[in-house]
Amino acid sequence: MATLQPPLSTTYSRLYITLFRTHQRLTPPHLNPPQYIKMEQHSRIFILFFFFVCFFFFLSPIQLCHCFSVQMNVTVGEDLIEKACHFTPHADMCQASLQMDPNSGQADMEGLAVIALKVALANATDNSKHISQMLNNSTLDPFIEQCLSDCVEQYSDSIDQIEDALAAIAGKDYHDVNDWVNAAIANSETCEQGFTEKPGYESMMTQRNVVFKQLCLNALSITQHLQ
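Going by the working numbering, the sequence shown opens with residue 255, and the numbers climb by one from there.
Hints are supplied without guarantee of correctness; some may be wrong.
[Claimed, not checked] With a cut-off of at most 35 angstroms between alpha-carbon atoms, the simulated DSBU-like pairs for lysine-lysine come out as follows: (1) K383 x K372; (2) K467 x K452; (3) K452 x K383; (4) K383 x K426; (5) K372 x K467; (6) K337 x K372; (7) K372 x K426; (8) K426 x K467; (9) K337 x K467; (10) K337 x K383; (11) K426 x K337; (12) K467 x K383.
[What the hints assert, rightly or not] DEER-style ranges, computed between Cβ atoms: (13) N390 x D346: 30 to 38 angstroms; (14) H340 x N391: 41 to 49 angstroms; (15) M363 x E443: 26 to 34 angstroms; (16) T460 x T379: 12 to 20 angstroms; (17) P396 x Q478: 40 to 48 angstroms; (18) S392 x A424: 41 to 49 angstroms; (19) T379 x E443: 17 to 25 angstroms; (20) T379 x M458: 14 to 22 angstroms; (21) Q481 x N357: 16 to 24 angstroms.
Simulated from the structure, these hints should not be mistaken for lab results. Backbone N, C-alpha and C define an ideal beta-carbon position, used for all residues, glycine too.
Generate coordinates for the entire structure from the input sequences, incorporating the hints supplied.
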């Protein structure tokens, strides 16, 4: 019949109690304060060293392998992100946006392309909400109001197109991914151009349109690694 092993925490607790009692028995009562303090310091160092050794020797090989494999996976994930973003037109943005996703460290190249598309999708959704909030302003200039209304429709289409791109990448149809993402970019450009149709007006969406386009271009660049 197999002998049940006590939990690791129980083992450490018993070790600590044994060390503490041994330390009490071995402490000479006749030592003067300086000698006692010095011995106390050495005892604490010994206990810390003992626990450091126990940490490694009491861990099973499986637990040790797991620790090292987790570290290796993180390193490999970071290397793949750097590789995926190296040839993108906006590499710094690419790395920052991918690393924000907790799943990026374990993702393969296709997984990183999916994350990049989801980042672009989240950005398009945020832009759409932002425009809707601006449209709640009853004092908007009629021309600006019309431009923003057009932008809402265009970003609504972009959201659908990025979702179609995600479905296409799941089906390994990378040509369709390119078509859908390029269509989404075109919508953001149309949003931007609308403000230029009347002299004297400036776009209220320039920075947001630029960021969305950059995210889409990065996603397209990563997808090219899959073709």
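Here is how each hint holds up against the structure:
{"no.": "1", "hint": "K383 x K372", "verdict": "holds (17 angstroms)"}
{"no.": "2", "hint": "K467 x K452", "verdict": "holds (23 angstroms)"}
{"no.": "3", "hint": "K452 x K383", "verdict": "holds (25 angstroms)"}
{"no.": "4", "hint": "K383 x K426", "verdict": "holds (31 angstroms)"}
{"no.": "5", "hint": "K372 x K467", "verdict": "holds (14 angstroms)"}
{"no.": "6", "hint": "K337 x K372", "verdict": "holds (19 angstroms)"}
{"no.": "7", "hint": "K372 x K426", "verdict": "holds (17 angstroms)"}
{"no.": "8", "hint": "K426 x K467", "verdict": "holds (23 angstroms)"}
{"no.": "9", "hint": "K337 x K467", "verdict": "holds (21 angstroms)"}
{"no.": "10", "hint": "K337 x K383", "verdict": "holds (33 angstroms)"}
{"no.": "11", "hint": "K426 x K337", "verdict": "holds (21 angstroms)"}
{"no.": "12", "hint": "K467 x K383", "verdict": "holds (17 angstroms)"}
{"no.": "13", "hint": "N390 x D346: 30 to 38 angstroms", "verdict": "holds (34 angstroms)"}
{"no.": "14", "hint": "H340 x N391: 41 to 49 angstroms", "verdict": "holds (43 angstroms)"}
{"no.": "15", "hint": "M363 x E443: 26 to 34 angstroms", "verdict": "holds (28 angstroms)"}
{"no.": "16", "hint": "T460 x T379: 12 to 20 angstroms", "verdict": "holds (19 angstroms)"}
{"no.": "17", "hint": "P396 x Q478: 40 to 48 angstroms", "verdict": "holds (43 angstroms)"}
{"no.": "18", "hint": "S392 x A424: 41 to 49 angstroms", "verdict": "holds (43 angstroms)"}
{"no.": "19", "hint": "T379 x E443: 17 to 25 angstroms", "verdict": "holds (18 angstroms)"}
{"no.": "20", "hint": "T379 x M458: 14 to 22 angstroms", "verdict": "holds (18 angstroms)"}
{"no.": "21", "hint": "Q481 x N357: 16 to 24 angstroms", "verdict": "holds (23 angstroms)"}
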